[in-house]
Amino acid sequence: MSTYTLARNLRGTVKQTHKPGENPWSVSRIAALLVLAVLAATWLVPFAWAVVTSLKSEADAGASQITLNPPDGFSFDAYRKVLSAGDIPSWAWNSLITSVAITLITVATSALAGYAFSRVNFKGKRWLYAAIIAAIIIPPQLLIVPLFRQMLAFNLVDTYWGIILPQSFAPAMVLILKRFFDQIPVELEEAARVDGAGRLRVFWSIVLPLSRPILAAVAIFVFIGAWNNFLWPFIVTTDAHLMTLPVGLQTVKSAYGLQYAQNMASAILAALPLVVVFLFFQRQIIKGIATTGFGGQ
Amino acid sequence: MTTAIDTPATAAEKEVSAQGKARAKRGENLTGWTFAAPFAVLFGLFLVVPALYGLYLSFTGETLTGSGSGLVGFANYADALRDPDMWKSLGNTLWFTALSTIPLVVLSLALALLVNLGLPGRWLWRLSFFLPYLLASTVVVMFWSWMYNPTLGLINGVLAKFGAAPVAWLQDPKVAMISVVITTLWWTIGFNFLLYLAALQNIPEQQFEAAAIDGAGKWRQLFSIVIPQLTPTTALIVTLQILASLKVFDQIYMLTNGGPAGKTRSIVQYIYESGFTGYRFGYSSAISYLFFALIVLVSLAQYKLINRRSAA
Amino acid sequence: MTDLSRRGLLKTAAALAGAGLLVGCAPGASRKTTDLSYWHLLTGGDGTVMAGLVDAVNGANLGFHTTQTVLAWGPPYYTKLAMASAGGRAPDVAIMHASRIAGYAPGGLLEPWDLDLLAEVGLHESDFPVRVWEKCQYDGKLYAIALDTHPFVLYYNTEHASKAGVTDALRSMQSPEEFTEVANKLQKVTGKHGLSYGYLGDGSQMWRLFYTLYRQTGADMKLVPGQQAQVDKDAAVKTLTFIQSLLNDTIASRSGDGGTATSEFLHGESGMFFGGVWELPVLKDAKMPVDAVPIPTLFGTQAAYADSHTFVLPRQSKVSPERRKHVYTMVAEILKRSVKWAGGGHIPAFQPVAKSAEYQALKPQSNYAGIPAYVNYDPDAWFTGAGSDFQNYFAENVQNVFLGSGDPGAGFDGFVARLNKLLDRPQPV
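Chains as they are written, first to last, in this note's numbering: chain Z, 1 to 297; chain A, 298 to 609; chain U, 610 to 1038.
Next up, chain Z with everything else stripped away, as it sits in the complex:
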């Protein structure tokens, strides 16, 4: 089954409601609804509990009795403290810069290479293509030691480039884009080429506009991965000012004891950007994941 048909079908997200002539409130449907509601509620509990904790005072958050009605009431104090004293804004900035750069470079390089594989017959193509397919099963986790050594040699430890470059290529995305370009009729390009347009021009003004949805899908997938990646940024940064959000939150501790409310406020703040983006672009993101998911893991 092609992943594109999957994606196409996801577009019709409200395809199936109950069928005509079927009782929408049959016992089995209500039972199914109950099961779903319980499961979904269970799934939201860790979120909800984190939010509740983050709104309590430190004294209430550290009390051993669990309660939804804390003596000190609810407030945004923890958020205020975390935002004013902590490193969270600068980590978020680092995350944004590096994730955006990784996304742009990955999409650009994958699209160019995917096009070359799809359309151009160049020497060494098959050899490079085989290497890319082989590379898909190499888990990047296994390369941390030699890569760290290499980054020391390149003087890239504790730099943005050190975080960005090793994450800025994705063999799986090259394959996905190649397969997409394969489906675009060659005739569209040939007409333009006869009119005298060069390859790059054809690529830029004909192929890319046709590929917007798939490029967006790849970009979304890459961005989420980069924003949330932990291991590599964790290895390559030792300077607390250069850490990304996930790394900083894990590595740097508060000097002032365990502060549960602030801890949860930090977690919520770190989660917020992607959650908000998701709420706005739910359809595009889901489509993006479904399109790229199989190739992208």
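Since the hints were derived computationally from the structure, they do not count as laboratory data.
One should not assume that every hint holds.
[To be verified] The calculated lysine-lysine pairs, modelled on DSS-like cross-linking and capped at a C-alpha distance of 27 angstroms, are: (1) Lys-972(U) - Lys-949(U); (2) Lys-641(U) - Lys-458(A); (3) Lys-949(U) - Lys-471(A); (4) Lys-385(A) - Lys-471(A); (5) Lys-934(U) - Lys-945(U); (6) Lys-560(A) - Lys-385(A); (7) Lys-1030(U) - Lys-385(A); (8) Lys-322(A) - Lys-178(Z); (9) Lys-949(U) - Lys-964(U); (10) Lys-125(Z) - Lys-322(A); (11) Lys-1030(U) - Lys-560(A); (12) Lys-896(U) - Lys-801(U); (13) Lys-945(U) - Lys-797(U); (14) Lys-322(A) - Lys-123(Z); (15) Lys-896(U) - Lys-797(U); (16) Lys-318(A) - Lys-123(Z); (17) Lys-893(U) - Lys-772(U); (18) Lys-842(U) - Lys-896(U); (19) Lys-178(Z) - Lys-318(A); (20) Lys-934(U) - Lys-641(U); (21) Lys-934(U) - Lys-893(U); (22) Lys-949(U) - Lys-81(Z); (23) Lys-318(A) - Lys-125(Z); (24) Lys-601(A) - Lys-178(Z); (25) Lys-458(A) - Lys-471(A).
Based on the hints, put chains A and U in the right spot on chain Z.
Same frame as chain Z, but now just chains A and U:
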């Protein structure tokens, strides 16, 4: 930019076509590599080079501080094969993979089937199950460490209300791995769920209608139409899930740091620890390659299995 | 999302990335020589006191400003520190447990302190306890300046003790039998346990008690690379058997973890508590009737497991002599104020403070102020020390002995076999 093919083809041009072909071929090579170069350079520098360099390191006694760079032959590999910690971490990794893959496939299918029934509130269900997948591992772990906290956590708090004894979710050697799996399930199920949901919507409606006319009940339809139709999707999800579970690091490292008593330490964590905590870069690289060999084997086995099934 | 907004988004993103990359290419290059970076792993009560000390020194207007970065305790901290040093981008000064120096100094990850410069800021060998100063040395050079000694001690509930009539015995007991008797008497008073001791899943806790008692038998442990570990198995079995006898669910919980043990003792459900001196603030904050003494000498020889927080100079590829000078001053200033640090339970290493009337007046700290004279650190080896694998190996082999299901001899043999494997390997630093 290019004006070489500006003029229409003429007889004169056809005469030099042999020459032109060679030139065109050169042109194609140049164009191809120009397009592929940015990717190829990154790919070479940050994947091929470290992969080869890691292989070289695995035959040296190299350390974090740069000492011991001499070749030691297969000593690191021999050492690794006799290292109880390596075997234990590998065992933990396989155990985690088994414990996590089954519910991550079965439960995600169940969730997708439920959501696909077309019940009201569809976007809410989808959101609930998928949202955790968007969180960074760090955030997931912060949420769950708090849930699991032995004295202040919500889970033990609720248990206490029912009069149950508190459980040391992350400290008790018998429970820690289960806790890690629960967190992983919560975090990553949304991905498989989405893929199943997409696949479900791909099953043509007519098939159900035909089956309904035949008098097949809902459950019969599920087992005779839906699940067989999903086989290719299931095969892919299982493959991806096994490979993803084998590489587990983040959530274990942050939840338990491999404890208690090494009971949850994964092989990737052992690679990290041998290299960066134990300073032994050469040794760490050797374990990486042993593990890589395992991944290749698993991938090949799955490839064979899937191919045989689709051929049958 | 419309195409227009997507394009707009992309443009903004590109601009952001461009700006960020330009700014971010040479981080830290323009750091002033008056800005000191300082890493440590102190959180909780210790973290608060340390932050106060750093603020106090910053506020003294000595011509420099220190920024502290706090990293997670244990392996994460030490791994990051080693990686930063290997990359030459380490902080100007960092805290390290004295027990870890042997793992860092030989690989060139630390730089030695200059005795002349130390003298200039008023620090001399004679200002530190002999054994502590020795532990800060490696290969004849001084790699660390000790801030404190933090031993493993015995806390007791003074009310329960007087009710049980064991107040004097707690200080005078000299044998395992006497200890058991005292514990049983306290158990009768509390009705729950006589002793609280949390160790489950925590190799450090297991090691601290074991090593204290093991050294009390007069046994030693020497780890020389390339040789078999030199240990005294009989002494180890004797020690482990005794510990096992205490964890019988009457005297102490058979499977106590740190949190449970502390809260049990806090709530008066036990009479004694084995813990590090760093637990003191929590116990004092709870306003419970508590006192602390060195763990009584039960096996004939005075001994106490302890470690020390020390200041070290991680290797930097470029050292600014000016900044380095500020580091010396900063360390000296913190040491001079370390009576505040003693408030957190620790024994100050700096003798002018340790001998001051202000420190001697602190109770119960002064009860155990004599420990540095006979303190026992982890055996010297590159793999030992606080938060190291060494303590994990101990836990992996001996935890079931503590739990009552394992044989002491077999557990200890497993531990030694593991040590021998490590000693057999070439030293990686």
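So, going through the hints one by one against the coordinates:
1. A threshold of 27 angstroms between alpha carbons decides the hint, and for Lys-972(U) with Lys-949(U) the separation of about 13 angstroms falls inside it, so the pair holds.
2. As the CA atoms of Lys-641(U) and Lys-458(A) are separated by approximately 57 angstroms, the hinted pair breaks the 27 angstroms bound.
3. A threshold of 27 angstroms between alpha carbons decides the hint, and for Lys-949(U) with Lys-471(A) the separation of about 42 angstroms lies outside it, so the pair is violated.
4. Distance restraint check for Lys-385(A) and Lys-471(A): the Cα-Cα separation of roughly 15 angstroms lies within the 27 angstroms cut-off, and the hinted pair is therefore satisfied.
5. Between Lys-934(U) and Lys-945(U), the direct Cα distance comes to roughly 17 angstroms. Compliance with the 27 angstroms bound is thereby established for this hinted pair.
6. Simply put, Lys-560(A) and Lys-385(A) have alpha-carbon atoms about 8 angstroms apart, close enough for the 27 angstroms limit, and the pair holds.
7. In summary, the hint linking Lys-1030(U) to Lys-385(A) is supported, as the alpha carbons are separated by about 16 angstroms, within the 27 angstroms threshold.
8. With a C-alpha separation of about 21 angstroms, the suggested pair Lys-322(A) and Lys-178(Z) falls inside the 27 angstroms cut-off, and the hint holds.
9. Proposed proximity of Lys-949(U) and Lys-964(U) is supported: the alpha carbons are some 14 angstroms apart, at most 27 angstroms.
10. Taking the CA atoms of Lys-125(Z) and Lys-322(A), the gap is about 13 angstroms. The hint holds against a cut of 27 angstroms.
11. Distance check on the hinted pair: Lys-1030(U) and Lys-560(A) sit about 20 angstroms apart at the alpha-carbon level, within 27 angstroms; holds.
12. With a C-alpha separation of about 21 angstroms, the suggested pair Lys-896(U) and Lys-801(U) falls inside the 27 angstroms cut-off, and the hint holds.
13. With a C-alpha separation of about 46 angstroms, the suggested pair Lys-945(U) and Lys-797(U) falls outside the 27 angstroms cut-off, and the hint is violated.
14. The hinted pair formed by Lys-322(A) and Lys-123(Z) meets the criterion: a straight-line CA distance of about 9 angstroms does not exceed 27 angstroms.
15. Distance restraint check for Lys-896(U) and Lys-797(U): the Cα-Cα separation of roughly 23 angstroms lies within the 27 angstroms cut-off, and the hinted pair is therefore satisfied.
16. With a CA separation close to 15 angstroms, the supplied pair Lys-318(A) and Lys-123(Z) stays within the 27 angstroms bound.
17. Annotation: proposed proximity of Lys-893(U) to Lys-772(U) holds, straight-line Cα distance about 21 angstroms (limit 27 angstroms).
18. For the proposed pair Lys-842(U) and Lys-896(U), the alpha carbon gap of about 42 angstroms is over 27 angstroms, so the pair is violated.
19. Proximity of Lys-178(Z) to Lys-318(A) is assessed by CA-CA distance (about 26 angstroms); at most 27 angstroms being required, the pair is judged to hold.
20. Restraint check: the Cα-Cα separation between Lys-934(U) and Lys-641(U) comes to about 14 angstroms, which is no more than 27 angstroms; the hinted pair holds.
21. For the suggested pair Lys-934(U) and Lys-893(U), the alpha carbons sit about 38 angstroms apart, so the restraint of at most 27 angstroms is broken.
22. For the proposed pair Lys-949(U) and Lys-81(Z), the alpha carbon gap of about 26 angstroms is at most 27 angstroms, so the pair holds.
23. For the suggested pair Lys-318(A) and Lys-125(Z), the alpha carbons sit about 19 angstroms apart, so the restraint of at most 27 angstroms is met.
24. A C-alpha spacing of about 25 angstroms is found between Lys-601(A) and Lys-178(Z), which places the hinted pair at or below 27 angstroms, so the restraint holds.
25. Restraint check: the Cα-Cα separation between Lys-458(A) and Lys-471(A) comes to about 23 angstroms, which is no more than 27 angstroms; the hinted pair holds.
In summary, the structure is inconsistent with hints 2, 3, 13, 18 and 21 from the numbered list given earlier, while agreeing with the others.
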